[in-house]
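Those sequence lines, one after another, are chains A and B. Quick note, the first sequence lines up with residues 961 to 1109 if you use my numbering. Quick note, the second sequence lines up with residues 3 to 403 if you use my numbering.
No wet-lab data here; the hints were simulated from the structure. Don't take each hint at face value.
As the list claims (entries may be wrong) - Calculated from the model, a selection of chain B residues having no Cβ within reach of chain A, i.e. all distances over 12 Å:
no., residue
1, Glu-70
2, Val-78
3, Gln-122
4, Ala-174
5, Met-188
As the list claims (entries may be wrong) - Computed beta-carbon distance windows for the label pairs:
no., chain 1, residue 1, chain 2, residue 2, range
6, B, Gly-381, A, Pro-1081, 42 to 52 Å
7, A, Ala-1099, B, Gly-184, 31 to 41 Å
8, A, Leu-962, B, Pro-326, 22 to 32 Å
9, B, Ala-181, A, Glu-1051, 17 to 27 Å
10, A, Ala-1099, B, Asp-125, 24 to 34 Å
11, A, Leu-962, B, Met-162, 19 to 29 Å
12, A, Ala-1099, B, Asp-244, 16 to 26 Å
13, A, Gly-1001, B, Arg-245, 13 to 23 Å
Source: prediction; values computed, not measured. Just so you know, even glycine gets a beta-carbon here, dropped at the ideal spot from N, CA and C.
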Amino acid sequence: MLPATADIKRLLAAIDGATVAEEALGVIARVPLAAVNEALGAIKAAGYESLVDFDGIDTGELIELTYRLRSFSLDLEVHVKSTVAYGGTIESVWYEYPSALMPERETAELLGIHLAGHPNPKRLLTTDGVEPLLRKDVAIRTVEEVKAR
Amino acid sequence: MNGGSEETLATGVLGEGRHDPGTPPAGLRRAPAGVDGLTTEHLIINMGPQHPSTHGVLRVLVEVDGEEVVAAEVSVGYLHRGIEKLAEYRRYDAVGTLLDRGDYISGMMAELAFALATEQLMDVEVPRKAHWLRSLASEINRITSHLIWYGTFGLDAGGMGQFLYGMRDREALLDILEALSGSRMMFNYIRPGGVLADMPTGLDAKIRAFLGTFDQYLDEHDQLLGGNEIFQARVKGVGVIDRSTALAFGLTGSNLRGAGVDFDVRKARPYAAYPELDFEVPLGTNGDAWDRYNVRMAEMRQSARMIGQLIDGMPEGPHMAKVPRIIRPRAGEVYASVESTRGETGIHLVSDGTEHPYRMHYRGPSLFAAQALEEILPGHLIADVVVIIGSTDVMLGEIDR
């Protein structure tokens, strides 16, 4: 179920530049990168006890991060989005939401960003030297290229 | 042992909200060895990735103090195939072939999540029969997957017979899935707009024949494994995941319901034919391995109940909406989730209006269960590690993707 956008706006009132809107994805709060932890802390305090998903999207200009938060007791869901430049650094949110531990590692390695404040910021799925595979400038090999190897 | 090391070995800290800023999860901590000159040195055991009880290629670095686990680090990625990247190069009707290889013993549900996400960006009305066939395929697939878990969980705890009996029933169900979809495991049956094929003539009788014996077989399964005193001693009170830990680590499915949290996507966000079906959501109380065992056994009964209702009430009509040969959903960003065998499988889909997804993120519930192991394993005996991993029913295919 979707929360009222006014409720989320009220939670994020102290954050400069935060916007809240209802879109096809659901209710989305967009916050500056530096305020992600503060925003998630405020939303968690309002009863959103679980981060159920985290991923990143290469928009072609930067990386868009999506945190999907859920309150089981209130039966509500909200998305928090922020953006980071290629090769930029994001602050881990594991302190608020331990479920972010592995998804953050995965997003960092597959989209080529760095993690700060993470207790175990190692690669999760690939080995050292593998390009950030989910970046749009990394293409998969064609059949011909594979055959030619 | 001094006071500092006691604190270092504490478990369950994160879940109870008493953690200090900057303190890593219990499983990642390294306890000091021989702090008072009397304790034995800790041993780090590398378990997996090629280990029969790791349910695929899970690797766990376990640090033990004698028999007791003091720290554990879960290492994954040995099965990474780049499903999310490959999806950006597939047409929408072909992405299901990739998702089948995510959670490869219950692929129907991931296919369904992707179809539901895609349909949100299409102007299409999915026929009622397709909804029913989707639920039918999902529930049959859920039982096949739970039977694998049942058999292998028993193996983890030292049993053997239950695996053979579980496989016997699973074979019958795989025959049914083959008749329905054309494949036993890699289906690509549920497509945006409906399902690939209608139910063949005579399959309903075959399913009814299976259901006629399954309840009794399930009683036998439960008696064989759950009724075994040794098995009970291995799982009761072991691997407790309480409510707060389950929520903190994003657990869903049987692992969450075993902790008593009443959340099932089929009830909370109804999709396919589930709003029309009569079924219950089994819950545990303590969140230990025994609760998770009982929840999954009860889920098989509920799935069989739903399959009976789906066969009896199967509507007439088309099984596929009229969709273009090449699907080009409108540009947009959506999220769809379903209750898969292991929890909530989610698809975060971004379309740019072309015939390929711009970005597809696949949320596998096992990833969250695997990272919770780092918090749960410390404090247990080394022999409990395989039982706890088995009780969380992780699937490496959907962790690594």
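Outcome of the hint check:
1. Against chain A, the non-interface label of B:Glu-70 holds: every CB pair exceeds 12 Å, the least being about 22 Å.
2. With 12 Å as the threshold on Cβ separation, the claim that B:Val-78 sits away from chain A is violated: the shortest Cβ distance comes to roughly 7 Å.
3. Against chain A, the non-interface label of B:Gln-122 is violated: not every CB pair exceeds 12 Å, the least being about 7 Å.
4. Its beta-carbon lying about 35 Å from the closest one in chain A, B:Ala-174 satisfies the requirement of being farther than 12 Å from that chain.
5. No beta-carbon of chain A is positioned within 12 Å of the beta-carbon of B:Met-188; the least distance is around 20 Å.
6. The supplied range of 42 to 52 Å is broken by B:Gly-381 and A:Pro-1081, whose beta-carbon atoms lie about 25 Å from each other.
7. Range check, A:Ala-1099 to B:Gly-184: about 32 Å between beta-carbon atoms, so the 31 to 41 Å window is met.
8. A hinted range of 22 to 32 Å for the beta carbons of A:Leu-962 and B:Pro-326 is consistent with their spacing of about 30 Å.
9. Separated by about 52 Å at the C-beta atoms, B:Ala-181 and A:Glu-1051 break the suggested range of 17 to 27 Å.
10. A hinted range of 24 to 34 Å holds for the C-beta pair A:Ala-1099 and B:Asp-125, which are about 32 Å apart.
11. Evaluation of the 19 to 29 Å hint for A:Leu-962 and B:Met-162 yields a failure: the beta carbon distance comes to about 50 Å.
12. A beta carbon spacing of about 46 Å between A:Ala-1099 and B:Asp-244 contradicts the range 16 to 26 Å that was offered as a hint.
13. Between A:Gly-1001 and B:Arg-245 the CB atoms are about 21 Å apart, so this pair conforms to the stated range of 13 to 23 Å.
When each numbered hint is compared with the structure, violations occur for hints 2, 3, 6, 9, 11, 12.
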